[in-house]
Amino acid sequence: MAGVEYLSPEGLRVDGRRPPELRKVQARLGVFQQSDGSAYLEHGNTKVLATVNGPHESTNWSRASNDSAFVNCQFSMATFSTGERRRRPKGDKRSTEMSHFMQDTFEKAILTHLYPRSQIDIYVQILQADGGHLAACINAASLAVMNAGIPMKDLVCACSTTLVEETAILDVNYLEESAGPLITMAVLAQSGSIILTQMERRLHMDHLPALLEAGAKGCKDVSVLMNGFLRSHVTDQLAIQGIPQ
Amino acid sequence: SICSQISQKHERTSKTKRNMLSDEEKQFIVGGVQADLRADGRSCEDYRMIEVECGLVSNTNGSARLRLGQTDVLVGVKAEIVQPLSWRPAEGTVEFFVDCSAHANPDFEGHGGEDLALELANVAENTILPGLDLRQLCILEGQQCWGLNIDAVVLQCGGNLCDALCLAIVAALHDARIPTVTVSGGDGEAIELEISDDPYDCKTVDISKLPALITLHKVGDCYLVDASLEEEMCTDTKMVMAVDTCGSICYSAKSGIHGLETAMIFDMFSKAKKIGALLLDSFVKQLESQSSSKGLLAATNIVGFLR
Chain A
1 MAGVEYLSPE
11 GLRVDGRRPP
21 ELRKVQARLG
31 VFQQSDGSAY
41 LEHGNTKVLA
51 TVNGPHESTN
61 WSRASNDSAF
71 VNCQFSMATF
81 STGERRRRPK
91 GDKRSTEMSH
101 FMQDTFEKAI
111 LTHLYPRSQI
121 DIYVQILQAD
131 GGHLAACINA
141 ASLAVMNAGI
151 PMKDLVCACS
161 TTLVEETAIL
171 DVNYLEESAG
181 PLITMAVLAQ
191 SGSIILTQME
201 RRLHMDHLPA
211 LLEAGAKGCK
221 DVSVLMNGFL
231 RSHVTDQLAI
241 QGIPQ
Chain B
1 SICSQISQKH
11 ERTSKTKRNM
21 LSDEEKQFIV
31 GGVQADLRAD
41 GRSCEDYRMI
51 EVECGLVSNT
61 NGSARLRLGQ
71 TDVLVGVKAE
81 IVQPLSWRPA
91 EGTVEFFVDC
101 SAHANPDFEG
111 HGGEDLALEL
121 ANVAENTILP
131 GLDLRQLCIL
141 EGQQCWGLNI
151 DAVVLQCGGN
161 LCDALCLAIV
171 AALHDARIPT
181 VTVSGGDGEA
191 IELEISDDPY
201 DCKTVDISKL
211 PALITLHKVG
221 DCYLVDASLE
231 EEMCTDTKMV
241 MAVDTCGSIC
251 YSAKSGIHGL
261 ETAMIFDMFS
271 KAKKIGALLL
281 DSFVKQLESQ
291 SSSKGLLAAT
301 NIVGFLR
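Residue numbers (my numbering), protein chains in the order written: chain A, 1 to 245; chain B, 1 to 307.
Quick caveat, the hints were computed from the structure, so don't treat them as lab data. Keep in mind that a hint or two might mislead.
One-sided and incomplete, this derived list gives chain A residues near chain B with beta-carbon spacing under 10 Å [as the list claims (entries may be wrong)]:
no.	residue
1	F32
2	A50
3	T51
4	N72
5	T79
6	G91
7	L127
8	P244
If you anchor each label on the Cβ, the simulated ranges turn out as follows [what the hints assert, rightly or not]:
no.	chain 1	residue 1	chain 2	residue 2	range
9	B	M49	A	R87	31 to 39 Å
10	A	P244	B	L129	52 to 60 Å
11	A	R87	B	L129	18 to 26 Å
12	B	M49	A	A239	17 to 25 Å
13	B	Q83	A	K93	38 to 46 Å
14	A	G83	B	D23	46 to 54 Å
15	A	G83	B	S86	23 to 31 Å
16	B	M49	A	E84	31 to 39 Å
17	B	G220	A	S65	46 to 54 Å
18	B	L85	A	G83	24 to 32 Å
Ideal Cβ positions, reconstructed from N, Cα and C, are used throughout, including at glycine.
Just need the whole structure built from these sequences, with the hints factored in.
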């Protein structure tokens, strides 16, 4: 979009944030009672729902493995989630690609060797789309997997970054997504090891280290927030059950 | 009903075994219903608690989330300027779309939920469309009109999907705000449409004639309203009726394998009229009190999925 000032002379972005600031992240675990685990997460105006079922008996025998569980992900966007109405919530190339990214990410993070010949389903749906979709979905799915009690190596935290006027900005919204190359990174919270990096558009090699560093910092911030959500959820559950802490 | 049909079909391949009831459980539920005491303590004419919240999705012109017991439906209404149908040049268009998400049932993954979704969309269209005054959506006769896209997402299925869906659509339409359009130009000059930028300069959709859908399930000699998922698995005949505030029946359909006596059908009609009028009345009153109490602090009061 020509003419949009992504970074003002004072160093403020279109929504008033500074480059390393994340949007307001809010979450709730255990949204649905019928599934094994569920979570709702907001990154500003991007709202995502994630549901996890499993581990359960594998229904797809061709993909079942004798030594590990198979992680089945589905990504979909509600038809009213984007500015222009979408025709189909899922099944298009983009959704399939996102599903594969999530599957790759969670297959590395979940301790799948504990559940051979079984299947873990992760369903993610975007209710309102305002940029940073893959990152928000990974975060929501991570919380949902925690809510389901499925053991993971570590919490998976994701963040989206882009480059605007030689400055790396974190947690991009819809307007900023078209500003430059979009990188989504997912890391394991404590160790900081990167398990997913996905980039779109063009980026000069010289800028890559700065972007990766900024992304890692953003994921660290997200991990602090997610830990906070988990703790407050557990505290609430203990209080509901009347167990003194 | 619909959910139990799917679970019976996929009994061996179903991903979740949670939707299966033993015969003893079915006997227990049926016996309780005969004594007017259902598994959760309701009588045959009671609805579960309904929670509704509007204005959740800001990308839409109107949205609502409705929870009926464990059933959870989210509806979004988007309006765009389209060409009217050639045989209805002075009216707007409305399209219904339902997405049975995999959150509700893992069997709905991929294309699994499309049959149910189509059925629900048809029921919603037959119920809601006759109650809308489409001439309100006309901008320029024969050329431009507002086209409403009513999209529903079924998030959780806890029984009685049809009722929840139609109530959620009523709530979303109540919340819908359509921007005012001024037409300039005319003969000779190019016609220009100017859509107002002011968020408060908009018109609402008239929901006074919209009906509520009541589903009555036949259990032995009795019938119950608002069946939960377990109750739906014990019954195989149901009657769906749309009732509006004046007490007229707008739509009705019977489905299931057993027949119904004429006397029972008349009884069901009168019961549905009574319940429907009460339900719709209190529902619309609740919607109006919610929207009037929000006022200028609308955005800050929205709770959504966070509670």
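Among the hints numbered above, which are violated by the structure, and what are their numbers in rising order?
Hint check: 8, 13 fail, others pass.
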